[in-house]
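**Student:** So the protein lines, in turn, are chains A and B. Counting from 1, one number per residue, gives the positions in the first sequence under the working numbering. Counting from 400, one number per residue, gives the positions in the second sequence under the working numbering.
Hints listed in this document are in silico derivations from the structure and should not be mistaken for laboratory results. As the structure is a computational prediction, the values presented were derived from the model and not from experiment. Honestly, I wouldn't trust all of these hints.
Simulated crosslink set (DSS-like; lysine-lysine; CA at most 30 Å straight-line) [unchecked claim]:
no.: 1; chain 1: B; residue 1: K928; chain 2: B; residue 2: K791
no.: 2; chain 1: A; residue 1: K95; chain 2: B; residue 2: K1092
no.: 3; chain 1: A; residue 1: K33; chain 2: B; residue 2: K829
no.: 4; chain 1: B; residue 1: K1092; chain 2: B; residue 2: K1081
no.: 5; chain 1: B; residue 1: K454; chain 2: B; residue 2: K409
no.: 6; chain 1: A; residue 1: K261; chain 2: B; residue 2: K829
Calculated from the model, a selection of chain A residues having no Cβ within reach of chain B, i.e. all distances over 12 Å [said to hold, decoys possible]:
no.: 7; residue: L21
no.: 8; residue: E55
no.: 9; residue: F271
no.: 10; residue: E378
no.: 11; residue: V380
no.: 12; residue: D385
Glycine residues also receive a C-beta, built at the ideal position from the N, C-alpha and C atoms.
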Amino acid sequence: MERAALGKSLHALQELLKDELRRAKRRQDGSRKACRFLEREIERADSIEQHLEREDLECAVVGITKAGKSTIVNALIGDEVLPVSNIPATAVSIKVRHSEFSSEPRLLEPTPVVGTLAVQQTLHAICSETRDTSQVNGRPVVEARFSCFKGSTPSTGSPNPSLVDTPGVTEASGSRLTEATLNAVESADVVLLVLNYGNLKTEAERQFLSDFARRRPDFFLRGTGRLLCILTRMDLRNRNGVSVGEVAEYLRDHVSASLQKSLPEFAARIFPLKAELALLGRLAARGHFDRQDQAADYMRYLYGRQGRKNAPTGAQLRQLGATSVELSGLEAIEVVLQNAATHANDVRSDSVRSRLINALNRSCRWSSYSTGKAFAPEVVSLRDDVLHGPKPPQKKRVS
Amino acid sequence: MKTRRDFNAKDFSATRQEIGRLLDQALAIAQAETEYQGKAAQSTSVIPLLMAARKKWERQSFQIAALALAKSGKSTLLNAWLGDEYLPSASTPETARIVRIRHDPKATAGSLKDRDEVKASGAQEVRAFLRDLNDQTRQNQTMPPEDELLLSAPLIALADSEFGDQRFELLDTPGPNEAGTEVLKAKVERLLDEVDVIVYLLDYTKLKTEEERLLFEKLVSLRPELLKTYEKRLFFVVNKVDEQNRNGLTRDQTADYVVGVLRKQLGLQVPPSRILPVSAEYALLARLVASGRATPEVIVDFAKEALGIRAARNATREMCLPHADGLLADSNIKAVEEAVLNYVFRDRGRLLVDTLLSDHLKRALDRLENQLKTAQGTLRVDQEELTRRVKKLETDLRSTERQVDVVGQKTERFKRDTEEWIRRQFDTFKARTADEIDRAFEEGETRQRGGLASRLYKRVKDLVGVESQDKREMGKQVIDLNRAISQQLQNEFEVFRLDLEREAQVHQRRLFSELEGILEPLARQIEEKVSQTLDITLNPVSMSFATPSLDELHGDIEDKIGSFIATKRKTETTYSRKRVVTKKGSWCSKDEYGYQNIPHEHVVTNHGIKVDKIREFWTTKIAEMTEVSVSTSRKVIAASLEQALDRARQELSRQCESYMATIRREIEEKKRGEAQWRQRLKDVDARLGECRKLREDAKRCEEIVR
């Protein structure tokens, strides 16, 4: 669907909602709930409008705390730009925008900083400050070069791809950070849902999956090309571990229970990944490590705690790095992301359209319960228009 | 005096012997006194108290419980301690039964028992059995049974320690955040009430998360007295330190962090040296490889950790064996075993002394001495003077006893509060369940995750969609649906009830401690009056009665609530077909009896109404059922309060009675003549002397152990 047509339908929905809100306020017969619903829907429609006007293709990286979201973004960049630790590190959403020409990652907002280590340290400082004061001062924006987005530049007219790293969601649903992450999910074009293989089936994860599926059911029902379930930390798999198939089954069952719909396609959407290996492999593929600790970790990964300790040469390292990345499962994800970036316009309008359909579905469902008589048929016909295109004008019967 | 390090098995058995001797002696004195005083003193005797102590002394088991969040590697740590993979540790959490691990140094292969029946032996079999059990429980969605399984297997760290007849046990319990273990929670808490030591297992990869905060919160709520003696009884182990890389906290930083959390959240001052980092997985792999019990999969995993992913593909045992020691050293498991298992083993003497000497024996001696002193006092005072004083004492004691009734009034408020609380709990339950049932029947509104509604929704939808001409078929389906609802409700209610019980116990504990607080001064009053009358000084005897265990409460509610579930099941017949007897007869032939099936009117023709009816029915049913439960619980609470008061009253009058009986008995003695009286006085003096000596011995014994 064209952008203009989408805008028109969206505008129509906004008008309908506003009219209904006006009516609901006038009725005053215990319709406080109705007002709240309508106000929330108007807000969400505004957010869809912003989405429509946005210039980038946003890929949100989401998951519960300690899933390994930042490590995945780092692996995709091929450098340790985002702060990572064994205690929760990311406290604000960080936008990493693709830039073909920046050889070094640079922080654009809130303060301009250049260089991997400097950016990492600044982000770390921002995060710990945010965590202490629990105040969010805007969203840091980083510019970096993603190898998977190579070739998709703003000059070609398509939206510029960017990744949004979000703070981990905890069990406490409804908290500020959780809300922020869910909002990021809602306005995303592509979602990288990160699941930690070493910490599956927890209460927090189930809660988050349900919340996610409820906010954007289209990702699970229609937009199968826009959701990547990344099962990271696959390196933790040992003799006792469950298979990827079992995880897929669990996910499908849980999400379909949350949505009350069957999801036959879901199994194909899981990407097993060893993010740490991918990141270290990317670093190794340059032929040398900038930091000694990275080299040590890589060596330990390859040769174990007790294995060989002498360092390989640059050429060997390049070779090892390439194999590691191949082994890690990162490339499959990159192919999907690249594909999304090449068809960025389609992906984005698909996402906006899905959000619009979600909103219409919500309103339709709501209107069947509410007292407003005029609202329901109009919303239903609008939904039909969006789903099947506008009806051809009926021919007048000639008598 | 010996230092702690030197407290070996021999010393332990010596200390234990000594404690046993002290208990026996106290028992002998008590028995002699009881024999002499006859039936009157029976009820006040300290013999039951000493017998209980004696029993505890004989059983001598030491228990360690491991507490951790799900997926923190608890089973792996226990396996590492056992040196073999007995417990299943899948990457998804599931614990269906609590497993009690008993250290058995003689067993070469562990065996698993369920109520004295051997279910599996050998690590592989045990693991397979436990895994199957978990799978079954999950698939059937049934409530796991509460009783625990017993695994007898040797612990590596204690292989050489001489235990004799003592028992050393570890408890594997589900984590507080583990899904589907609500039923076990109450049981876990009951078990934790008895353990000597708790090992807190933290997860290096989950430090500072919401889940970890939950675990600490649980620790606070768990056992206040454990926190008081945390130095001896709480251990903090941080697992999965093998995942530390360039970005993670170092071991020192980790210890500092945990110390900080403990100080901030629990107000505990724990030195960083008591935070023990460990990699249970490394330890387990290393031990399996070293012992030759490693399967090919274990070899691969070992090689991955020790030699890296490149070596893992074609690893052999020969390749791995030289590195087993190195990985074991890396895991730091030995330090943990030294700090926890061996420490408990070494300090088991003190644990025993703590409970038996400081608590049981001291109380028994206090009472015994008071009895003897009363007897002595009576024997010494002049006859006429005494008769006069005793009369006054008797009236004094009666008036003291009556003060308990005042206590009764005070507890009235408490009773009201508790009842109100229960009412509220049930109301919430009712509202929630009715709401969920409602939603199960309303399409589109059933998004509650894992709730009752979402489980029922599918069935309801199936039923609504089916258009069957066969009325019998439809009737069956309706019955099925009802059964499903009833089953789900039962589960829901079970969980709710267990929660309620747990909370109720907390309430009860508070009540009992309040009661104790009121009784204490009354007991002092009695002692004071007796002391004045006889010119003696009595030891303050601590007033205490055992809080009824959760088990008792459980049984109580179980008995009375059973009716609720029975009535719920009857509903099935509502929609079944009716059979009607029709009678046919004529003038010249016999009457004929025929049976005709009259189908139920509402069953098939109108689906909408039927579903609505079911829904309405269940909504009212839940209301009814909670009503019944509320009144039952009220009765239970009222009864238990009554019981508590009764117990308090009894305790007090027993105290009075015991003094009066002793005095009366001694007056009788005096009347029997000069010679007997002298003899009796001599006896009493001697026993009193023995009591004092026992007390000194006990003190010395405590000093040796400390």
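**Student:** For L21(A), is the shortest beta carbon distance to chain B beyond 12 Å?
**Tutor:** 22 Å, holds
**Student:** Over 12 Å from every CB of chain B: does V380(A) meet that, or does the non-interface label fail?
**Tutor:** 15 Å, holds
**Student:** For the pair supplied as a hint, K33(A) and K829(B), is the alpha-carbon distance within the 30 Å limit?
**Tutor:** Holds - the C-alpha atoms of K829(B) and K33(A) are around 23 Å apart, at most 30 Å.
**Student:** When you look at the beta carbon of E378(A), is every beta carbon of chain B farther off than 12 Å?
**Tutor:** With a cut-off of 12 Å, E378(A) remains clear of chain B, as the shortest Cβ separation is near 20 Å.
**Student:** Decide, holds or violated, for the assertion that all CB atoms of chain B are farther than 12 Å from the CB of F271(A).
**Tutor:** 17 Å, holds
**Student:** K928(B) and K791(B) were given as a pair; does the straight-line alpha-carbon distance stay at or below 30 Å?
**Tutor:** 10 Å, holds
**Student:** Minimum Cβ separation between D385(A) and chain B greater than 12 Å?
**Tutor:** Non-interface label stands for D385(A): nearest chain B Cβ at 22 Å, farther than 12 Å.
**Student:** Taking only the CA atoms, is the gap from K1092(B) to K1081(B) under or equal to 30 Å?
**Tutor:** With Cα atoms ~17 Å apart, K1092(B) and K1081(B) stay inside 30 Å; holds.
**Student:** With a cut-off of 30 Å on the C-alpha distance, tell me whether K261(A) and K829(B) pass.
**Tutor:** 28 Å, holds
**Student:** Given the hinted pair K95(A) and K1092(B), is their alpha-carbon gap at most 30 Å?
**Tutor:** 79 Å, violated
**Student:** Given the hinted pair K454(B) and K409(B), is their alpha-carbon gap at most 30 Å?
**Tutor:** 21 Å, holds
**Student:** Is the nearest CB of chain B more than 12 Å from the CB of E55(A)?
**Tutor:** 33 Å, holds
Of the numbered hints listed earlier, the single one contradicted by the structure is hint 2.
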